[in-house]
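Protein chains in written order, with my numbering: chain A, 1 to 201; chain B, 202 to 424.
Be aware that a few hints might be false.
Derived contacts from chain B toward chain A, CB cut-off under 10 Å, selection only [what the hints assert, rightly or not]: (1) I295; (2) N296; (3) S297.
Computed spacing ranges between beta-carbons, pair by pair [said to hold, decoys possible]: (4) A/K134 / B/G382: 18 to 28 Å; (5) A/P158 / B/Y312: 47 to 57 Å; (6) A/R114 / B/K414: 40 to 50 Å; (7) A/E72 / B/S323: 46 to 56 Å; (8) B/K362 / A/E64: 34 to 44 Å; (9) A/Y166 / B/E381: 50 to 60 Å; (10) B/E378 / A/K118: 53 to 63 Å; (11) A/E72 / B/V340: 52 to 62 Å; (12) A/N97 / B/P364: 50 to 60 Å.
Hints were generated in silico from the structure; no laboratory data involved.
Where is the CB? At the ideal position from N, CA and C, for every residue including glycine.
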Amino acid sequence: MEAREYEFMAENEKVTILPKFNHPTFTLIQGDYGPFKAGNQIEVPLWLAVMLRQSDKCSIETPEWMDVEILEKCRDDEKEEGTFTKLPAKFIFEVANILFDVTAASIVHADQIRSVLKEIFDIRQSKLRKSIDKLITDGYLYAKINYLQEIELANFRPILPHAFDYIQRLDEATEVAKLIVDRSIQQSSMSIPSSFNNSTF
Amino acid sequence: MSSMSINNTTDIFEESHEAEEELVELTAEEVLKQLEESWVNERNSPELLEPKTEIVECMLEQVAVMEQNLETLNKGDLRIFVHRMEISRIKFVINSYLRTRLDKIQNNFLYYAKARNSDNPSRLSKQEEEFLESYKQCVGDLFQSLCLTHLQGDVDWSHHKVPEPHLQSAVFIKVLEEFEGLEISDHSGGGRDEAVDLQVGDQRILQYSNISKLLDSGVVKLT
């Protein structure tokens, strides 16, 4: 699965918007949203929020977790912990990305938030690289990767499962080769006495 | 003014002859969630999974009803854009799901065409079976006309080993229900076999063959 498909899934996350229009409830297949009253906050899926924002029918409220202090604390926690920490929101990177694209002007301290998020992402990527290295060199058959977001694996997805597979296949082939060599050693050691018997003195 | 109400509760399991099957009612929202989950599982797994035909058909029905309702609205109504966007999203998921399955069938058509029995039930829907048959026929005809007729003697291909999907591929899983004692078997015979306990919310990377049964029963999902 590709990064774009994870972004598609992230678009189902709920965000709060401030509509600029009035409208009765939308009865969508995925749920009812509304009624919309100008000036009253309401929660909608991200894809709907982006659509309304782009036609200038609403403004998107910055999510709670998109705050410099909260994110800086996350970054510091991430630096201290050896494993991955729990991030404040599911699909945090995708949602942040989409919001920056669509409504950067209305986010307070947008640049700072962007750089802190990038730092968090980079710290986690380097942790991921180290643990994958360990997984491969130490020959583990499985690994625990709690609190890792799906999109962080996007860089590794094309190659990691393949590398893992090939190492397992090579291991299997080595075992088979060992068995064959063992058997042929046994067979050749059994045939030597018989040639002795055949020789005449 | 036309109203846009759709039936939000849909029976997706009809009463059948078997006594064990219950009548399950799910809202359209829940069916959509299940569809998305099946889509992700199918995209990430190396082999064909159980076909979720009821879910797909249910969503297609919902989309058809919605499109019908949209016809009756005035042009330029805000509702049209919103509903059309949602319909496109649902259609994208269904498309991707069905195409992924067809890709898998095409890449390993000889494996999936082998005779099925009760130990190994077929995981193809009726339309997929038809697709498989005609694909097999086409490829067979192509090979026949291209080279087999020019080969001397009779060659019997039925005993040859067929390419199989690689069930030892590494996959990423997310645990939905607690499970104790998952056996991780080392296929290279290196003695690294282990039993692992799974907690809800855990995420792991491991070989597909170890968790294929758990995936079918919904204990884990692929991610």
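Do the beta carbons of A/N97 and B/P364 sit within 50 to 60 Å of each other? Violated, at about 40 Å.
Does the closest beta carbon of chain A sit nearer than 10 Å to the beta carbon of B/N296? At 12 Å from the nearest chain A Cβ, B/N296 fails the 10 Å test, so the hint is violated.
Does the Cβ distance between A/E72 and B/V340 fall inside 52 to 62 Å? holds, 59 Å
Tell me if the beta carbons of A/E72 and B/S323 are separated by a distance inside 46 to 56 Å. holds, 55 Å
Holds or violated: the 50 to 60 Å window for the beta-carbon distance between A/Y166 and B/E381? Violated: the Cβ-Cβ distance is about 31 Å, outside 50 to 60 Å.
Holds or violated: the hint that B/I295 contacts chain A, with Cβ atoms closer than 10 Å. violated, 12 Å
Range hint 47 to 57 Å: satisfied by the CB atoms of A/P158 and B/Y312? The hinted range 47 to 57 Å is violated for A/P158 and B/Y312, with Cβ atoms some 24 Å apart.
Okay, A/K134 versus B/G382 on CB: inside 18 to 28 Å? holds, 25 Å
Let me know if the C-beta of B/S297 comes in closer than 10 Å to any C-beta of chain A, holds or violated. holds, 8 Å
Do the beta carbons of A/R114 and B/K414 sit within 40 to 50 Å of each other? holds, 44 Å
Could you say whether the range 53 to 63 Å given as a hint is met by the Cβ separation of B/E378 and A/K118? violated, 36 Å
The hint says 34 to 44 Å between B/K362 and A/E64; measuring C-beta to C-beta, is that right? For A/E64 against B/K362, whose Cβ atoms are near 58 Å apart, the range 34 to 44 Å is violated.
Checked against the numbered hints above, the structure violates hints 1, 2, 5, 8, 9, 10, 12; every other hint is satisfied.
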